[in-house]
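Peer 1: So the chains spell out like this:
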Amino acid sequence: MQGGIGLLGVGGGGGGGCNGNESGVSKVVESDDDELELGLGLSLGGVGGGGKGKVVSSWGECGRILTAKDFPSAGRRPSNASSSSPPVAVSGTKRAANSVPREGESSPPSASQVVGWPPIGAYRMNSLVNQAKAPISEEEKVADEKDKSKDASKKKICNGNKTNNIFSEKAHLGFVKVNMDGVPIGRKVDLNAHASYESLAQTLEEMFFASTPAINSIGGEKDLATKAFKLLDGLSEFVLTYEDKEGDWMLVGDVPWRMFISSVKRLRIMRTSEANGLGPRFQPRNDRQRAKPV
Amino acid sequence: MNYFPDEVIEHVFDFVTSQKDRNAVSLVCKSWYKIERLSRQSVFIGNCYAISPERVIGRFPGLKSLTLKGKPHFADFNLLPYDWGGWVYPWVEALAKSRVGLEELRLKRMVVSDDCLELLSRSFVNFKSLVLVSCEGFTTDGLAAIAANCRYLRELDLQEIEVDDNRGQWISCFPDSCTSLVSLNFSCLKGEINLTALERLVARSPNLKSLRLNRAVPLDTLQKLLMRAPQLVDLGIGSFVYDPSSEAYIKLKATLVKCKSIRSLSGFLEVVPCCLSAIHPVCQNLTSLNLSYAPGIHGNELIKLIRFCRKLERLWILDSIGDRGLGVVAFTCKELQELRVFPSGVDNAAVTEEGLVAISAGCPKLHSLLYFCQQMTNAALITVAKNNSNFTRFRLCILDREKPDPVTMQPLDEGFGAIVQSCKRLRRLSLSGLLTDQVFLYIGMYAEQLEMLSIAFAGNSDKGMLYVLNGCKKLRKLEIRDSPFGNTALLTDVGKYETMRSLWMSSCEVTLGGCQTLAKKMPRLNVEIINEDDQMEFSLDDRQKVGKMYLYRTLVGPRKDAPDFVWTL
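In order, the protein sequence lines correspond to chains Y and D.
Under the UniProt record's numbering, think of the first position of the first sequence as 1, with each following residue one higher.
Under the UniProt record's numbering, think of the first position of the second sequence as 1, with each following residue one higher.
If you're looking for bench data, these hints aren't it; they were derived computationally from the structure.
Glycine residues also receive a C-beta, built at the ideal position from the N, C-alpha and C atoms.
Incorrect hints may have been included.
[As the list claims (entries may be wrong)] One-sided excerpt, in silico: chain D residues whose CB lies under 10 Å from chain Y: (1) Y33; (2) R37; (3) D76; (4) N78; (5) P81; (6) D83; (7) E155; (8) Q159; (9) I161; (10) F342; (11) G471.
[As the list claims (entries may be wrong)] Below, simulated DSS-like cross-link-like pairs (lysine-lysine); rule was C-alpha separation at most 27 Å, straight line: (12) K108/D / K265/Y; (13) K190/D / K177/Y; (14) K265/Y / K190/D; (15) K188/Y / K108/D; (16) K188/Y / K560/D; (17) K190/D / K245/Y; (18) K128/D / K97/D.
Construct the complete structure from the given sequences, taking the supplied hints into account.
Peer 2: Right, here's the structure in full:
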């Protein structure tokens with residue numbers, strides 16, 4: 001087996017593509033299954049255009065929609081579950097019953113929980129985020145006055161008042177483009193709305209693989225779950241990759257989340273068969289289990 | 001009707017410059033229509049899909065300057081999917097095929113390809129001016145074509161554009177013979193720029209009045225450029241990073257003092273905060289200052305700077321200036337007409353109602369406002385309305401969605417009501433905070449000149465939207481998101497939409513059935529359902545709520561370039 005190429009189901013080819021990534025254990029967590037089933041079953045659209053349908057009311061006739069409230073453990077704060085779920089940037093939040101509870105929250109209210117709010121132009125938002133991320137400390141800048149490359153400023157450490165900065169906490173450009181092999185229209189995803197690979201993958205799965213309301217029923221969820229395109233564990237037909245600031249294409253999931261979002265430029269959902277040379281670093285669950293002594 | 005020969009009338013029409021007036025003139029009689037259309041040089045098309053390029057060219061063969069707008073405003077906030085539309089290529093192609101001697105093209109929210117720029121650069125001998133605002137789709141290769149081929153280029157102005165690919169060599173493509181530049185703005189480009197070529201370009205452009213640099217232009221180059229162009233009126237500084245004891249800085253200070261013509265300053269895309277004192281000599285003559293892209297300048301530094309800016313008419317700043325800083329602005333800038341306060345993202349830096357009240361009291365000429373704040377009270381808004389009834393543009397964004405008056409816990413209906421009642425010339429309004437149908441009752445009653453209204457997370461029922469549609473006779477653009485307005489509001493007065501440019505509704509209560517009814521009744525509207533999840537195609541359930549709807553009047557029917565996820569009913 002060539003260093004995990006088998007992970008991708010691709011024969012041959014060297015896995016030399018990844019440079020200097022820490023070896024990462026797969027970050028897929030067990031509750032992912034529940035969330036995925038939930039997610040794939042709920043993409044009813046219409047309400048808020050693509051986000052998880054958290055509102056049960058108008059869809060009562062389609063059968064009861066399971067919401068995150070039914071799964072209080074799934075790694076999310078229950079107080080947020082009734083409104084826009086934090087990792088998913090829904091394009092609209094129903095107002096009436098779901099006023100976002102801010103009183104109980106300890107962290108500063110995330111400005112990006114809803115797409116397009118606050119209404120700052122995307123260009124301005126991106127420039128503020130980038131600048132907040134790499135503030136200039138006087139001493140360093142004087143020393144580096146000649147060195148104006150983006151890389152240099154990118155590597156400077158954040159210090160000072162940045163802990164309170166809404167934009168720097170998100171630490172990156174909001175929206176990056178996502179393209180999927182075989183789909184002509186690209187999409188954009190707000191990385192600021194996610195705190196982990198799982199939630200990102202989930203959103204992408206909903207975006208690109210969500211099924212239609214006509215076939216969405218509780219019964220249908222099972223089918224979708226088995227076909228779940230789990231973009232992170234390399235078992236499915238597609239794999240999630242990204243282009244970093246140096247222009248290299250890497251597999252998503254290698255590096256710590258913060259490092260990932262500070263270097264990602266855009267995403268691509270690639271056919272697994274084409275993703276050779278991207279040097280995987282971790283084994284799939286199955287392989288690991290097989291490797292364990294029985 | 002004609003007592004004078006056509007030439008005389010035409011000469012009179014030369015003095016009629018605003019498009020609105022010229023449109024009125026053209027309606028008087030057939031002969032005036034003909035004279036007007038043949039002599040019109042400058043055409044503004046607010047929605048590129050309302051009319052076809054061929055018809056515009058047919059009507060205005062003498063066209064020299066064209067302004068086009070593409071995507072709706074909410075596209076700025078990522079509410080519109082990529083690839084929705086707004087391609088300008090067909091326009092340039094049509095113009096190129098015709099005999100129009102295009103000299104100026106101004107585009108906003110349109111998609112411009114490199115091919116398009118190439119075609120543009122080769123098709124119009126006298127092309128002079130290209131202004132792109134919030135556009136996308138091209139690389140610096142396209143800019144290189146413009147630089148290389150437009151021999152009499154006067155203006156190249158790029159605003160708020162993300163250009164992916166920037167190799168910086170496009171600036172070398174201006175031929176040595178190009179000496180006509182008056183305005184060059186590339187501040188939004190992200191990558192490197194060939195500094196030598198830039199210096200030489202500026203050196204051979206004696207008419208250069210406006211120069212806005214990007215981050216890649218360091219301080220010593222700035223100093224050299226200013227030496228070559230002391231006549232500059234508008235300067236955008238790229239990088240303002242230096243050691244205060246260095247020779248470069250000392251030279252710059254000296255050079256800046258010599259630039260007595262600078263009236264407008266912007267940029268500071270990279271700045272060492274505590275050393276803005278070099279700018280102080282320039283401040284006393286400034287009428288326009290934009291520090292909204294300057295990160296991390298401490299409030300105190302900003303205040304020190306503002307104290308010198310007595311003649312300021314336009315100020316764009318970050319909320320790190322704080323309420324106290326706004327108090328200084330109110331005290332110092334008595335000529336202020338336009339103020340924009342943007343969020344810096346730093347929690348405790350935000351401004352509140354106090355800053356706004358101070359400004360309204362201190363700046364009697366203020367008429368245009370964009371204010372992002374932490375909170376607002378009804379009392380403050382009522383005071384602002386009392387202090388200042390001149391507002392033509394009033395855009396308030398309370399960062400916390402649907403936040404009520406923190407003192408009384410009431411919605412902000414009364415506050416905004418006071419604003420619209422007092423400001424009789426109000427043309428543009430953006431609302432925020434907790435709002436009920438009542439605010440819309442006030443808007444419908446008082447906002448007689450209102451042309452553009454932005455609503456988000458507001459209202460209780462269809463009545464809200466109906467108040468606006470019924471009351472605001474001059475309404476042209478209405479954009480609504482996440483508000484409980486449904487089919488009744490949409491369908492009560494369908495004729496209204498032909499008097500408007502466009503209506504945007506997203507995450508509201510309108511259903512597919514409602515939109516279809518509207519589309520059937522009004523064939524001269526394009527009712528577009530923008531659907532990102534391919535669900536509408538499969539489900540024809542009329543009761544299904546529509547995620548995003550954008551409708552606009554048009555003379556040319558459904559557009560042929562709509563992507564798959566846009567369904568024109």
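Peer 1: So, for every hint listed, does it hold in this structure?
Peer 2: How the hints compare with the structure:
no. : hint            : in the structure
1   : Y33             : violated, 39 Å
2   : R37             : violated, 36 Å
3   : D76             : holds, 4 Å
4   : N78             : holds, 6 Å
5   : P81             : holds, 7 Å
6   : D83             : holds, 5 Å
7   : E155            : violated, 20 Å
8   : Q159            : holds, 9 Å
9   : I161            : holds, 7 Å
10  : F342            : holds, 7 Å
11  : G471            : violated, 23 Å
12  : K108/D / K265/Y : holds, 25 Å
13  : K190/D / K177/Y : holds, 18 Å
14  : K265/Y / K190/D : holds, 14 Å
15  : K188/Y / K108/D : holds, 21 Å
16  : K188/Y / K560/D : holds, 24 Å
17  : K190/D / K245/Y : holds, 13 Å
18  : K128/D / K97/D  : holds, 19 Å
The structure fails hints 1, 2, 7, 11 (numbered hints given earlier, in ascending order).
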